[in-house]
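Colleague: Chain by chain, the residues run as shown.
Number of protein chains: 2
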Amino acid sequence: MRNWPDFITIKEVGPRDGLQNEKKFLSTEDKVTWINMLSNTGIKEIEYSSFVNPKWIPALADAKEVGKRIKRNPSVLYSALVPNMKGLENALEAGIDGASVFMSASESHNLKNINKSIDKTYPVLKEVIDTANEEGKKVTGYVSTVFDCPYEGRVSPEQVLRVCDQLLEDGVDEISLGDTIGSAVPSQVQALLDEIVTRLPKEKIIMHFHDTRGMAIANIMTSLQFGITRFDTSIGGLGGCPYAPGAAGNVATNDVLYLLNGLGIYTGIDEQKLQEASIYIQNKLGKKLPSRSVAFIEGTA
Amino acid sequence: MRNWPDFITIKEVGPRDGLQNEKKFLSTEDKVTWINMLSNTGIKEIEYSSFVNPKWIPALADAKEVGKRIKRNPSVLYSALVPNMKGLENALEAGIDGASVFMSASESHNLKNINKSIDKTYPVLKEVIDTANEEGKKVTGYVSTVFDCPYEGRVSPEQVLRVCDQLLEDGVDEISLGDTIGSAVPSQVQALLDEIVTRLPKEKIIMHFHDTRGMAIANIMTSLQFGITRFDTSIGGLGGCPYAPGAAGNVATNDVLYLLNGLGIYTGIDEQKLQEASIYIQNKLGKKLPSRSVAFIEGTA
Numbered sequence: 001m002r003n004w005p006d007f008i009t010i011k012e013v014g015p016r017d018g019l020q021n022e023k024k025f026l027s028t029e030d031k032v033t034w035i036n037m038l039s040n041t042g043i044k045e046i047e048y049s050s051f052v053n054p055k056w057i058p059a060l061a062d063a064k065e066v067g068k069r070i071k072r073n074p075s076v077l078y079s080a081l082v083p084n085m086k087g088l089e090n091a092l093e094a095g096i097d098g099a100s101v102f103m104s105a106s107e108s109h110n111l112k113n114i115n116k117s118i119d120k121t122y123p124v125l126k127e128v129i130d131t132a133n134e135e136g137k138k139v140t141g142y143v144s145t146v147f148d149c150p151y152e153g154r155v156s157p158e159q160v161l162r163v164c165d166q167l168l169e170d171g172v173d174e175i176s177l178g179d180t181i182g183s184a185v186p187s188q189v190q191a192l193l194d195e196i197v198t199r200l201p202k203e204k205i206i207m208h209f210h211d212t213r214g215m216a217i218a219n220i221m222t223s224l225q226f227g228i229t230r231f232d233t234s235i236g237g238l239g240g241c242p243y244a245p246g247a248a249g250n251v252a253t254n255d256v257l258y259l260l261n262g263l264g265i266y267t268g269i270d271e272q273k274l275q276e277a278s279i280y281i282q283n284k285l286g287k288k289l290p291s292r293s294v295a296f297i298e299g300t301a
Numbered sequence: 001m002r003n004w005p006d007f008i009t010i011k012e013v014g015p016r017d018g019l020q021n022e023k024k025f026l027s028t029e030d031k032v033t034w035i036n037m038l039s040n041t042g043i044k045e046i047e048y049s050s051f052v053n054p055k056w057i058p059a060l061a062d063a064k065e066v067g068k069r070i071k072r073n074p075s076v077l078y079s080a081l082v083p084n085m086k087g088l089e090n091a092l093e094a095g096i097d098g099a100s101v102f103m104s105a106s107e108s109h110n111l112k113n114i115n116k117s118i119d120k121t122y123p124v125l126k127e128v129i130d131t132a133n134e135e136g137k138k139v140t141g142y143v144s145t146v147f148d149c150p151y152e153g154r155v156s157p158e159q160v161l162r163v164c165d166q167l168l169e170d171g172v173d174e175i176s177l178g179d180t181i182g183s184a185v186p187s188q189v190q191a192l193l194d195e196i197v198t199r200l201p202k203e204k205i206i207m208h209f210h211d212t213r214g215m216a217i218a219n220i221m222t223s224l225q226f227g228i229t230r231f232d233t234s235i236g237g238l239g240g241c242p243y244a245p246g247a248a249g250n251v252a253t254n255d256v257l258y259l260l261n262g263l264g265i266y267t268g269i270d271e272q273k274l275q276e277a278s279i280y281i282q283n284k285l286g287k288k289l290p291s292r293s294v295a296f297i298e299g300t301a
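Quick mapping for you: the protein sequence lines, in order, are chains A and B. Here the first sequence is numbered in full-length UniProt numbering, starting from 1 and rising by one per residue. Here the second sequence is numbered in full-length UniProt numbering, starting from 1 and rising by one per residue.
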């Protein structure tokens, strides 16, 4: 119970997973300024946008422009979400170090989200994975609804492992396991990681929690106890859930940093700079972000 | 890591610890209606008010009136905060099943909060404890700042144990250990409970977390792993912190219930009735409460 890793890598997904759920459109210039601030916090990886069809995610319609204009910090890996070959082409033109493909562990969520069955999704992703690999880009496979599906309910670890196995076989470098609706409690995390860490290499596993029900920090604590060293987080807890007003989005980078610093786990992230980037985005969006820690920032919205 | 108790007892402290930090004064009638709703949720214990001098906590100046007017559910234990003999007399007149005395584990917080040194606090409490015991009331000893003190920083488990030992010797039936400023992370909880559970009977220990930094659910999870079966919580996360606008207060009863239900731990609390009481107080206070789960209630402020 007392064992956790010495070093944790945080991927900041606020500019993608956070903004895509925000109603307010942030200007390209503000996005660029903000991502540049994030680039100087010590965060090692930033998912800067999504190359999904802008019809589906208008908030990120300027992905290409953002990718071209951000100032690249050589210590940061810049990745973006890519759904298909068209998205990958745009992402490559805009500049990426990593490409993130995505699908769901549950059939109905995959159908709803990607408009294809799970089996028919693999070949689409495979083409993207192959090309991204040929281009020397890191490829991440996001697997959504790994605990609960909003349409099917509980998702079994076996279902999740099946998708992970296929994606790894198809060439992704790593898997990010998403608690998409933020419903999991630590016993579910235990049940899944029991299977995952005995079957897959730990260093390829990223945990991606949403704080919808306030369980994310406890779930991260549980993951740490399994030796998981990588987490997706969103500054200020940006994101929310369009279906639940007031609900939190991704777990807040700030709250995770508070936990990790308290546990004596190294992240390389400068808390002060992170808070400055939090204030910036909070003021730009004109609303209080869900992170508990952001309440401690002076001059907030 | 997989072991936790089958049954947990929640003490609802919203009407006291929650309201005492709210700026808006809730009318006596609204308090009574709300406490009556709480009495029907299945919660086993409610701290209904504080008999501290109203000069210090004007929000609860009507403690006596509230105590006299609430409809007592025989399955619920009704307790109140009492600082001294005057407070206890009033509380006894108003009707209590339990009296809660309080002090801090850190000298400076105790001085600031009670205006006495720790050593000079014991005799004041002893008189209250003795009288409450003679009257057949359960006596709880709240110990504040058991992890961190806002003036002294880290508080050692030894300091905490010293205060607990003295209070138990002086006749309290149980101890509630308070993370007053909501700063603790699970490693601190582990360090304290390592000492506590080997030296004191577990069933006399209540953990009292604030969710100021979003760590409370992880800290409760950690406490469960030590076999702790009793927690103080506040409906909706009511309370906040007067020094940090937007900060959360006591850990939300709703979020704790979500965790415990998810873990398969029995509490006896009816989630629907709890949500109704949450909506009621949220609408009366006219603001969104910090609980993540309250966002899921329809018809909220």
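Source of the hints: derived by calculation from the structure; they are not laboratory data. Computed from a predicted model, the values in this text were never measured in an experiment. Hints are not guaranteed to be accurate.
Same chains, same names: a pair is fine if it fits in one copy or spans any two.
[Claimed, not checked] DSS-like cross-link-like pairs, simulated, lysine-lysine; straight-line CA separation at most 25 Å:
1. Lys-288 x Lys-273
2. Lys-44 x Lys-55
3. Lys-202 x Lys-23
4. Lys-288 x Lys-23
5. Lys-68 x Lys-86
6. Lys-112 x Lys-273
7. Lys-287 x Lys-202
8. Lys-126 x Lys-64
9. Lys-288 x Lys-120
10. Lys-68 x Lys-120
11. Lys-120 x Lys-23
12. Lys-23 x Lys-138
13. Lys-288 x Lys-86
14. Lys-116 x Lys-71
Colleague: Check Lys-68 against Lys-120 for me: Cα-Cα at most 25 Å, and say if that holds within a copy, between copies, both or neither.
Modeller: Neither: 32 Å inside a copy, 67 Å across copies.
Colleague: Please work out whether the CA atoms of Lys-288 and Lys-23 approach to 25 Å or closer within one copy, between two copies, in both situations, or in neither?
Modeller: Intra 14 Å, inter 19 Å, cutoff 25 Å: intra and inter.
Colleague: For Lys-23 vs Lys-138, is the C-alpha pair at or below 25 Å within one copy, between two copies, both, or neither?
Modeller: neither (30 Å within a copy, 52 Å between copies)
Colleague: Within a copy, between copies, both or neither: which one fits Lys-288 and Lys-120 at a CA-CA cutoff of 25 Å?
Modeller: neither (41 Å within a copy, 43 Å between copies)
Colleague: Given a CA cutoff of 25 Å, do Lys-112 and Lys-273 count as a within-copy pair, a between-copy pair, both, or neither?
Modeller: neither (38 Å within a copy, 33 Å between copies)
Colleague: Under a CA distance limit of 25 Å, which applies to Lys-288 and Lys-273: within one copy, between copies, both, or neither?
Modeller: Intra 18 Å, inter 29 Å, cutoff 25 Å: intra-copy only.
Colleague: Within a copy, between copies, both or neither: which one fits Lys-287 and Lys-202 at a CA-CA cutoff of 25 Å?
Modeller: Cα proximity of Lys-287 and Lys-202: none, with 37 Å in one copy and 43 Å across.
Colleague: If the cutoff is 25 Å on CA atoms, where do Lys-202 and Lys-23 land: within, between, both or neither? Let me know, please.
Modeller: neither (36 Å within a copy, 48 Å between copies)
Colleague: Please work out whether the CA atoms of Lys-126 and Lys-64 approach to 25 Å or closer within one copy, between two copies, in both situations, or in neither?
Modeller: For Lys-126 and Lys-64, the Cα distance is within 25 Å only inside one copy (23 Å; across copies 70 Å).
Colleague: Can you tell me if Lys-120 and Lys-23 fall within 25 Å by alpha carbon in one copy, between copies, both or neither?
Modeller: neither (32 Å within a copy, 56 Å between copies)
Colleague: Reference check for the pair Lys-116 and Lys-71, CA-CA at most 25 Å: within, between, both, or neither?
Modeller: Cα proximity of Lys-116 and Lys-71: none, with 36 Å in one copy and 57 Å across.
Colleague: As a check of your reading, is Lys-68 near Lys-86 (CA-CA no more than 25 Å) within one copy, between copies, both or neither?
Modeller: Intra 17 Å, inter 71 Å, cutoff 25 Å: intra-copy only.
This entry does not satisfy hints 2, 3, 6, 7, 9, 10, 11, 12, 13 and 14, going by the numbered hints stated previously.
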